[in-house]
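Chains as they are written, first to last, in this note's numbering: chain A, 1 to 505; chain B, 1 to 177.
Hints were generated in silico from the structure; no laboratory data involved.
Possibly wrong hints are sitting among the right ones.
Within a straight-line C-alpha distance of at most 25 angstroms, the following computed SDA-like cross-link-like pairs (lysine to any residue) qualify [claimed, not checked]:
{"hint": "1", "chain 1": "A", "residue 1": "Lys169", "chain 2": "B", "residue 2": "Ala26"}
{"hint": "2", "chain 1": "A", "residue 1": "Lys190", "chain 2": "B", "residue 2": "Ala26"}
{"hint": "3", "chain 1": "A", "residue 1": "Lys190", "chain 2": "B", "residue 2": "Glu47"}
{"hint": "4", "chain 1": "A", "residue 1": "Lys190", "chain 2": "B", "residue 2": "Leu116"}
{"hint": "5", "chain 1": "A", "residue 1": "Lys190", "chain 2": "B", "residue 2": "Leu108"}
{"hint": "6", "chain 1": "A", "residue 1": "Lys190", "chain 2": "B", "residue 2": "Glu11"}
{"hint": "7", "chain 1": "A", "residue 1": "Lys500", "chain 2": "B", "residue 2": "Leu108"}
{"hint": "8", "chain 1": "A", "residue 1": "Lys190", "chain 2": "B", "residue 2": "Ile71"}
{"hint": "9", "chain 1": "A", "residue 1": "Lys427", "chain 2": "B", "residue 2": "Glu47"}
{"hint": "10", "chain 1": "A", "residue 1": "Lys169", "chain 2": "B", "residue 2": "Phe52"}
{"hint": "11", "chain 1": "A", "residue 1": "Lys190", "chain 2": "B", "residue 2": "Val163"}
{"hint": "12", "chain 1": "A", "residue 1": "Lys488", "chain 2": "A", "residue 2": "Pro478"}
{"hint": "13", "chain 1": "A", "residue 1": "Lys121", "chain 2": "B", "residue 2": "Ser38"}
{"hint": "14", "chain 1": "A", "residue 1": "Lys504", "chain 2": "B", "residue 2": "Ser38"}
{"hint": "15", "chain 1": "A", "residue 1": "Lys444", "chain 2": "A", "residue 2": "Leu496"}
{"hint": "16", "chain 1": "A", "residue 1": "Lys488", "chain 2": "A", "residue 2": "Ala380"}
{"hint": "17", "chain 1": "A", "residue 1": "Lys169", "chain 2": "B", "residue 2": "Asn106"}
{"hint": "18", "chain 1": "A", "residue 1": "Lys444", "chain 2": "A", "residue 2": "Met473"}
{"hint": "19", "chain 1": "A", "residue 1": "Lys190", "chain 2": "B", "residue 2": "Ser160"}
{"hint": "20", "chain 1": "A", "residue 1": "Lys284", "chain 2": "A", "residue 2": "Ser57"}
{"hint": "21", "chain 1": "A", "residue 1": "Lys121", "chain 2": "A", "residue 2": "Arg419"}
{"hint": "22", "chain 1": "A", "residue 1": "Lys190", "chain 2": "B", "residue 2": "Arg31"}
{"hint": "23", "chain 1": "A", "residue 1": "Lys444", "chain 2": "A", "residue 2": "Pro409"}
{"hint": "24", "chain 1": "A", "residue 1": "Lys504", "chain 2": "A", "residue 2": "Arg428"}
{"hint": "25", "chain 1": "A", "residue 1": "Lys190", "chain 2": "A", "residue 2": "Met206"}
{"hint": "26", "chain 1": "A", "residue 1": "Lys169", "chain 2": "A", "residue 2": "Glu191"}
Please read all numbers here as calculations on a predicted model, not as lab measurements.
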Amino acid sequence: MSRIDRRSFLKMLGGAAPAILFPQIVSLADKTLGQSGSEQPNVIILLFDAMSARNLSVYGYPRPTTPNLERFAERSIVYHSHYASANFTIPATSSLLTGTYPWTHRAINHRGMVRQDVVDKNIFRSVGSGYSRLAFPQNVWSDLIVSQFANDIDTFLPSSTYATLDYLKGESFSNDENMAVRSLDDFVFKEHEQASIFLAPLLSAMYFRDAARLSSDGYPRGVPNNENYPLYFRLEDLFDGLASLVPDLKSTFAYFHLYPPHAPYRAASRFDRKFIDNFHPLRKPVHRFSSHSSNSRLESARRFYDEYVASIDWEIGNLFDVFEKEGVFENSYVIVTADHGEMFERGEVAHTTPLLYAPVTNIPLLISTPGQKNRQDVYAPTNAVDLLPTIAQLTGGSMPDWAEGDLLPGLGGLEDFERSTFSVEAKRVSAFGSLHIATVSMYKGTHKLIYYTGYEGTDSFELYNLESDVEEMEDLYPAQPAIAKKLKEELLETFLDADKPYRKK
Amino acid sequence: MNFVRKFPKLEQIAPVYAVAVVMIYAWSLSRFFWRFPSWLYYSSAGEIAVIFAYMMVVNLIESVLVLLVPIFMSVILPKRWFYEKFVTKGALLTALSLGYLMYFDNHLHYQNPFPLELVYRTPFILAGILITVFLVDWIGVLDKILTELSDRLIVFLYISIPVSLISLLVILVRNIF
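Next up, chain A with everything else stripped away, as it sits in the complex (with noise of 0.2 angstroms):
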C-alpha cells in the first residue's frame, strides 16, 4: 500500500492548508518510497510492550518464562543493560523512532505526541534508500506517535490487523486512516471525555455487549485485549499473521510494537498456572510513591504476568521457526526489544509511575544479524535511542547529527561503561513547560543515580552499583558522597540544559 507523501507536494506547493485537508487529491503528485533496486538486509524489529528484562529466563530470570528467545540469544547479540528511554509506551516508543530523550521530543503525557520539529527526525527517514518501510503498531498508543511518521512509511497496518473484536473507528476510513484515528479514536469516541454526546454511550454499550459475547476458549483469563481501546485479539491470530509477512520481506525495515505482554495478563491455557511454584522473588521496601499494594497482589500479578510472558515466547518460537524455514535469519536483521517494562515490587504494580527502578527501565535487546551463528553478550549500558543510529548506519544511510544516541556495541559502536544514559518520566507536567515534576535516571558505568523532583518539597537522590546490588537495595547517596556528587552534577547538567528552552526566565 503506497502513501502519501504530503511534505514534499506541500513544499512545491508552498505549504498550503489545502493540502494536509485533501491529503488523496494531492498523491498524484507523489511517489512511494522505498523503490528497491539490489537487495538488502531486511531489518524487523520485534518490539513488545511493558516487557521486562527482569522477567525473562534469557536474562536469568528463575522461572523458565522464555527458552525460545534463549534459543534465539544463541544466535544473537544480547545486550544486558538495555534502558528504555521512558516508563510507558507514548515517550518510550518517541524516543526508539526518533532517537532522542523525551525531554527533546516532548511526547511526555499519555496520548501526547511527538513536537512538529522532532517529526521529520524519525527511523523510517533514517533508513537507507532501497528499504520498503512497513509499521504495524498494533498498541494504539504507539499508532499515535507512528501515523506522526506516515510520510516516511510505505506500508501502514492499522492496530486492528488479525484482532478478534475491534471497534476502532478510524479503520473504517480507509483513505483517511491516521487523521480518522486521530479524531474519532484518539478523541471524538475516546473513553475519556468523549466529544461525542450521543453516539458515544451507543457505540460502548454495542462494544461491552460483544466483548461480553467473545469466547475466550484457550483463555482462561479472557482473551488478550488492548487495555485502553476497544480491541481483542488472540496471540495465535497475532503470531500467524506477522508470519503471513514473511514472503513479502525483501530489502524492508519493519517495525511491528506488539501489544503483549502489557496489561491485563491473560495467558493462553497451556501456561495458565505454570508458574505456581516455591519461587519467591525478593521484597523490597514499600516506596513512598507507590500504591502500596500488598506482596500476595504483587506476587499473584507477576505470576500472571510470567505465564503470559511464557505464552508469548511459545508463539515467538513458532515464528522463529518460519524465520528459519524461510531464510530469513539469513538475510535479516531480527531485533527482539520492549517500549518499558513493568513492575511488580516496593509495593506497586505497574510501569505508569514516578519510580524508574530496573523492573521498569531494563528491557531486553537481542540483535540476530544476517547468518549469525554465535552468540555475543554486551554489557555496557545502551539506551532505546541508540536504535535510530544504528538501524541508519546499517542501512547505508548516514548517522544523523541530531541523534541523542550512540551506535551499538557489536554493530559499529564499542562497548563504552563510562558513557551515561537516561530514562525520563514526566507525565504529570506540561509537554509545553519545564520539567518541574520529573523523575529521571542515570546510568554510568556501574551505578545508577535516580533524581525526583517536583513531587515533595525538596529534591531527593537514590544511587545504586549496579553490579554488587543488582537488586537496587542499598541507597548510597548518603554513604558514598563523592561519586553521588559527581554524578549528581552530570545528571542537572544535562538535565537542566535540556529543559532551559522551557524554563521561565
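Here the structure of chain A is known, so what remains is to put chain B in place on it, guided by the hints.
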C-alpha cells in the same frame, strides 16, 4: 395521511433542533478547546482543522438523530399530546435527555466495568423525563420560558449548519478521492 399532518413544520422544528445543536456542539467544543493547546504543539493547523471537521460531522449526525426522537413522538402520538406543543415539549425532551446523556458519558469508560447500574436505571429516568415533558402543559411559565429560550437559540443554527456541511464536504473529499 394523519401522520403527515402531525409532522411538525420547519418553524416548529428549528427551535427544537437549536436546543439539540447548542447542547451537542457545546459539549464537543468544550472538549475540543480543552485539547486545543496541546494539539497546537504537535499538530499543524491543517490537522487540527481535520479533527474539527470530523467532530462537526459527528455532531451533525448526532443532532439530527436526536431531533428524530421528538419528531417521531409527534407523528405517532395523538395531536393534542405532542404536536400542539411541539416546541415546548420537544425542547424539554431534548434538553433533559441530553442532560442525562452528559451525566452518563461522565461515568463511561471502556477499560472499567461498563456502568450497568446506570443502564438498569435508565428506563426509570427516561420515564421520569417523559412524565416531566407531559406535565409541562400544567406549568404555564415553564412553557413560555422554553418557547422563548429555544427560539433565541436558533441563531446558532446559522453557524453550526454551514460549518457542519463544509466539514462534511471535507471528510467526503478526504475519504472518497
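Hints numbered earlier in the text: which of these fail when held up against the supplied structure? 6, 7 and 8
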